[in-house]
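So you can see what is in the structure, the chains are spelled out below.
Protein chains: 2
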Amino acid sequence: MSFAVTILGCASAKPTVNRHPSSQAVNIHEQYYLVDAGEGAQQQLIRYGINPLKIRAAFISHLHGDHVFGLFPLISTLGLYGRRTPLDVYAPAPFGEMLGAHLRYFDTELPYEVVWHEVATTRHTLLFENRTMEVWSIPLRHRVPCAGFLFREKEPPLNVDKFKIVKYGLSIAQITAAKRGEDVALETGEVIPNGELTYRPYRARSYAYLSDTNFSARAANLCKDVDLMYHEATYAAAEQRSARDRGHSTTTDAAKAALKAGARRLVIGHYSSRYKDEQLLVDEARELFPETWPATEGVTYTIEKES
Amino acid sequence: MSFAVTILGCASAKPTVNRHPSSQAVNIHEQYYLVDAGEGAQQQLIRYGINPLKIRAAFISHLHGDHVFGLFPLISTLGLYGRRTPLDVYAPAPFGEMLGAHLRYFDTELPYEVVWHEVATTRHTLLFENRTMEVWSIPLRHRVPCAGFLFREKEPPLNVDKFKIVKYGLSIAQITAAKRGEDVALETGEVIPNGELTYRPYRARSYAYLSDTNFSARAANLCKDVDLMYHEATYAAAEQRSARDRGHSTTTDAAKAALKAGARRLVIGHYSSRYKDEQLLVDEARELFPETWPATEGVTYTIEKES
Chain A
0 MSFAVTILGC
10 ASAKPTVNRH
20 PSSQAVNIHE
30 QYYLVDAGEG
40 AQQQLIRYGI
50 NPLKIRAAFI
60 SHLHGDHVFG
70 LFPLISTLGL
80 YGRRTPLDVY
90 APAPFGEMLG
100 AHLRYFDTEL
110 PYEVVWHEVA
120 TTRHTLLFEN
130 RTMEVWSIPL
140 RHRVPCAGFL
150 FREKEPPLNV
160 DKFKIVKYGL
170 SIAQITAAKR
180 GEDVALETGE
190 VIPNGELTYR
200 PYRARSYAYL
210 SDTNFSARAA
220 NLCKDVDLMY
230 HEATYAAAEQ
240 RSARDRGHST
250 TTDAAKAALK
260 AGARRLVIGH
270 YSSRYKDEQL
280 LVDEARELFP
290 ETWPATEGVT
300 YTIEKES
Chain B
0 MSFAVTILGC
10 ASAKPTVNRH
20 PSSQAVNIHE
30 QYYLVDAGEG
40 AQQQLIRYGI
50 NPLKIRAAFI
60 SHLHGDHVFG
70 LFPLISTLGL
80 YGRRTPLDVY
90 APAPFGEMLG
100 AHLRYFDTEL
110 PYEVVWHEVA
120 TTRHTLLFEN
130 RTMEVWSIPL
140 RHRVPCAGFL
150 FREKEPPLNV
160 DKFKIVKYGL
170 SIAQITAAKR
180 GEDVALETGE
190 VIPNGELTYR
200 PYRARSYAYL
210 SDTNFSARAA
220 NLCKDVDLMY
230 HEATYAAAEQ
240 RSARDRGHST
250 TTDAAKAALK
260 AGARRLVIGH
270 YSSRYKDEQL
280 LVDEARELFP
290 ETWPATEGVT
300 YTIEKES
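As they're listed, the protein sequences go chains A and B. If you use numbering that gives the first Met the number 0, the first sequence corresponds to residues 0 to 306, in order. If you use numbering that gives the first Met the number 0, the second sequence corresponds to residues 0 to 306, in order.
Heads up, some of the hints might be wrong.
Chain copies aren't distinguished; within one or between two, either way the pair holds.
[Said to hold, decoys possible] Only pairs whose alpha carbons sit at most 20 Å apart, straight line, appear in this in silico DMTMM-like list of lysine to aspartate or glutamate:
| no. | residue 1 | residue 2 |
| --- | --- | --- |
| 1 | Lys163 | Asp182 |
| 2 | Lys304 | Glu154 |
| 3 | Lys13 | Asp106 |
| 4 | Lys255 | Glu108 |
| 5 | Lys13 | Glu108 |
| 6 | Lys304 | Asp160 |
| 7 | Lys178 | Glu154 |
| 8 | Lys163 | Glu112 |
| 9 | Lys163 | Glu195 |
| 10 | Lys13 | Asp244 |
| 11 | Lys53 | Glu96 |
| 12 | Lys163 | Glu133 |
| 13 | Lys153 | Glu290 |
| 14 | Lys259 | Glu112 |
| 15 | Lys223 | Glu96 |
| 16 | Lys304 | Glu186 |
| 17 | Lys275 | Glu305 |
Derived from the structure by calculation, the hints contain no laboratory data. Because the structure is a prediction, the values reported are computed rather than measured.
Given these sequences and hints, build the entire structure.
As C-alpha cells, then:
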C-alpha cells in the first residue's frame, strides 16, 4: 500500500546539467501516475527504476514545454515497448490538438490508445478515481491556464475490533453491518454505537502538486491538512517581483501555502537555473515552514501508513 | 581551425539510462553544427561544454522521433536565452509543418527565426556552405526519407614557398598571382609552374554522418576518402535479417561502408538497447575494418590538421 512521490525533474524552463525540467512519478498502491513530463522524463523513469509501461495515467499541469515536451517521446517509446493498455492523459486544452499533431507526424501506428481528458483549470473537480484513491484538480495562478493536482486515498474500509466481536458475541451479519458503519442492535435490545465496534485501519493519505503558480490562498485551502505538498519555488524571497510578474513563486510563497494548508511536509522545486545550490532556497523556506525539503532528482518522498 | 565531432547520443529508438538517442555536435572552425537532435540534446550540449547558443545550424537526417524530439525543446530554450541569430534547420519534409505546430503551440513569441531548408533525400546536393566548408546530403536507405550529411572543408588557399620568393625575387603581384594558382613569368622570360612555387598548408578534412540506413554502396561512394565516417550499427552481424527488414545496419554493414569509401576511421553507434556493452559491436566491426571506434557520449573525435 505505497504512497510515494519520486522526483524526476526539478528545474524550471532552462535545464541544467544536473536538473531536468518538471516531472514526478506518484506511486499509489503500486499504480504509477506521471505528474508533468519535462524533456527526459522517460529516461528519468528508467534511471530511477520505474518501468514506463507501469504508468497508468499522466497529469499535465499546463502546456509550457518544460512540463510536457517529455510526454511525446514517452508516448512513442511505449509504442515500441508494445503497450496495449490505453494511456489516460489529463491536461488543459489544447492538448488534444498537440496530441493529434504528434500522432499524425510520429505515431500513426501506435498499438495503444492515448485518451485525453480535458482539465478545466478554473474549477476544483474530480479528475480520476479508482477503488482506493482519487485525483482532484487545483486551480492555479500562472501565465497560462494551469492546474495542480491533489492525490487522495479514499477512507479505508472500517475494521471491526476482534475483542468487541467476542465481548458482544457478534454474528457475521452484525459484523458486516458494523463494517458498513452501522450501529448494531444486540439480541438484548442494547444498541452498540458503530464507533465502539470499529476503527479505521489507517488514515487516508494525500499529496498535492502545485506548479507553476503565484501564491494562491484558494489553492492552499483546497489542500487542507495534506500530508505532503509540492509547491514550486522558482525564486528566492528577494525576487518577489520577478516571481509575481512571471506567474511564479518564491520560497516564502511556497512556505506560506504549506502553512495555510496545514501541510505536514513541504517539498520545493522548479528552481531557476541561477541557483546552483538549492539548499539556500530550502533554508529560506524553513524559516517559515521548518518541514521543508528539496525536490532532488531520484529522491522518493514516502508518506507512511499511520493508524 | 577545429574539425571535431562530439557524440551527444548513441542509442537507437529506445533510450537507456546511459544512452541518449542520436545527436552529435560537429565543430568546424569554431562553428557548431547539430547533427540530429534526439531527446535531451540540449542538456547533452551543456553537459559536454558546448554553448547551445553557438549552434549555427541543425541537420536532421529523418523525421523519426529519436532523431528530432530534442530539437523542439532546444528551439524553446534558445528563445529563453534571448537568441537573435536565425537558426537554420536542414531536414526532410514535412519538417516545416512540425515546426509550424511547435511554434503555434509553444513558441508564438520566439525572438529569433527558425528557417527550414528542405533536404531532398534522394539527391546528393550541396546544402550549406561558407567561406571554408560545405555540407552535402547523402541519400540513405531507411524506412522513411532519410539523408546523411558530408561535412567537408574547402581546399585551403595556396601558400607561396618563402624560399622560392627569395630564389626568384618574386614581386607582390607575382606572389598574389601564384596564390591564385597561376604560373609566374619572370622578367627573364622563364615561366615557373605554380606547383613549384606553392603548397597547400593543409589537406581539406571531411566527416560523413550516415544514419539511419541499410548498407548503401552509393552512399559509401559519395564519401570517398572521408577522414571520419559515422555509420549506424544498430545490430550485431548475426542480426542481418532484423537490420535489413527495419532499414538498419549491422556492424558488418558499417565496416563494409567504411572499406568501400576508403575511410580513415569509422565510428559506429545507434546501438540497439539489447547491447549493454558496445565493445562487442566494435570488436565485430574491427574484424573487417580495424580503425573502428564506438560512439560514446561525451567523446570527441578530432580530425587533426595535416599538411
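Okay, the hints, checked on the actual structure:
no.: 1; hint: Lys163 / Asp182; in the structure: within (13 Å within a copy, 114 Å between copies)
no.: 2; hint: Lys304 / Glu154; in the structure: within (12 Å within a copy, 72 Å between copies)
no.: 3; hint: Lys13 / Asp106; in the structure: between (28 Å within a copy, 14 Å between copies)
no.: 4; hint: Lys255 / Glu108; in the structure: neither (48 Å within a copy, 33 Å between copies)
no.: 5; hint: Lys13 / Glu108; in the structure: between (33 Å within a copy, 17 Å between copies)
no.: 6; hint: Lys304 / Asp160; in the structure: within (19 Å within a copy, 84 Å between copies)
no.: 7; hint: Lys178 / Glu154; in the structure: within (13 Å within a copy, 87 Å between copies)
no.: 8; hint: Lys163 / Glu112; in the structure: neither (50 Å within a copy, 76 Å between copies)
no.: 9; hint: Lys163 / Glu195; in the structure: within (8 Å within a copy, 111 Å between copies)
no.: 10; hint: Lys13 / Asp244; in the structure: within (18 Å within a copy, 40 Å between copies)
no.: 11; hint: Lys53 / Glu96; in the structure: neither (25 Å within a copy, 33 Å between copies)
no.: 12; hint: Lys163 / Glu133; in the structure: neither (32 Å within a copy, 87 Å between copies)
no.: 13; hint: Lys153 / Glu290; in the structure: neither (25 Å within a copy, 63 Å between copies)
no.: 14; hint: Lys259 / Glu112; in the structure: neither (40 Å within a copy, 45 Å between copies)
no.: 15; hint: Lys223 / Glu96; in the structure: neither (35 Å within a copy, 46 Å between copies)
no.: 16; hint: Lys304 / Glu186; in the structure: neither (37 Å within a copy, 101 Å between copies)
no.: 17; hint: Lys275 / Glu305; in the structure: neither (36 Å within a copy, 42 Å between copies)
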